[in-house]
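All chains, full assembly: derive it from the sequences and hints.
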Amino acid sequence: MAKKPPQRPEDIFDELLEDLAHALGTDLVSVVLFGSAAAGRYVKGRSDMNLLIMVSEGARRTTSRLLPFAGKWAPAGVAPPLVMTPDYLAASTDVFPIEFLVMAANHKTLHGEDPLAALALEPAHLRLQLERELKGKVTALRTRLLGSGGDARALTELSREALPAFVAFFQAYLELTSGGFPDEPSEVLAALAQAGLNVEAFQKLGQVRAGALKPSPPELVALWEEGIAELDLISQQVDKLQV
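Residue numbers (the working numbering): 1 to 243.
Treat the hints loosely; a few may be bogus.
[Said to hold, decoys possible] Derived DSBU-like pairs: lysine-lysine, alpha-carbon spacing no greater than 35 Å straight-line:
#1 K135 with K240
#2 K137 with K44
#3 K204 with K135
#4 K204 with K137
#5 K4 with K44
Since the hints were derived computationally from the structure, they do not count as laboratory data. Please read these numbers as outputs of a predicted model, since none were measured by experiment.
Okay, structure coming up:
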């Protein structure tokens with residue numbers, strides 16, 4: 001029987017952990033919920049529940065063993081989990097510091113020890129990834145805008161897909177420049193504005209994504225051009241940061 005999205009994430013934790021224990025046995029080290037569901041921003045039917053599953057170093061065939069779990073819980077809004085070993089996590093903080101920074105800021109350990117509690121992220125690694133991501137996003141967004149041909153549906157889809165990543169980038173920027181960051185997206189933008197950045201385009205694009213603002217295709221292109229220009233300026237600032 002297909003699972004349905006729960007009213008609250010915690011309503012499914014017991015059964016979910018039982019299924020993971022059945023699938024992985026003694027190879028299961030810990031289970032962590034991260035993202036909006038861990039931050040108290042879960043919305044039934046709209047929010048994904050993101051899991052980090054830590055397995056033992058010698059675990060084999062974890063993907064095939066977890067396939068039934070993933071299939072069962074996908075209709076309930078449980079995203080395909082991240083699966084890694086402690087050694088893999090420790091060796092990856094220099095490669096994915098933004099992802100681990102945001103993950104560590106909003107997480108809840110459901111089973112075992114917290115693998116993110118003592119996570120050490122180097123500011124130099126964070127700065128380098130942020131510069132790379134911002135410059136890559138600027139180039140990719142310009143290409144997507146041109147590829148849209150000005151089509152309203154394509155432009156709205158771009159807003160839906162691209163905006164969530166910006167919040168993580170902005171949080172990383174605030175971490176580097178002020179030593180911390182808020183969780184709520186609107187508060188992240190407010191913190192950027194306080195730091196002297198122009199966030200009006202991102203605020204309006206967020207309204208487009210939520211369906212609260214419906215600009216014409218030319219207006220939406222102009223919004224994206226404004227946002228891309230600001231991303232470009234931020235990337236130049238990050239390039240010059242001394243950390």
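Now for the hints, and whether the structure bears them out:
1. About 14 Å separates the Cα atoms of K135 and K240, which keeps this hinted pair within 35 Å; it holds.
2. The hinted pair formed by K137 and K44 meets the criterion: a straight-line CA distance of about 30 Å does not exceed 35 Å.
3. Between K204 and K135 the CA atoms are separated by roughly 22 Å; this keeps the pair inside 35 Å, and the hint holds.
4. About 19 Å separates the Cα atoms of K204 and K137, which keeps this hinted pair within 35 Å; it holds.
5. Between K4 and K44 the CA atoms are separated by roughly 10 Å; this keeps the pair inside 35 Å, and the hint holds.
Hint violations for this structure: none, all hints satisfied.
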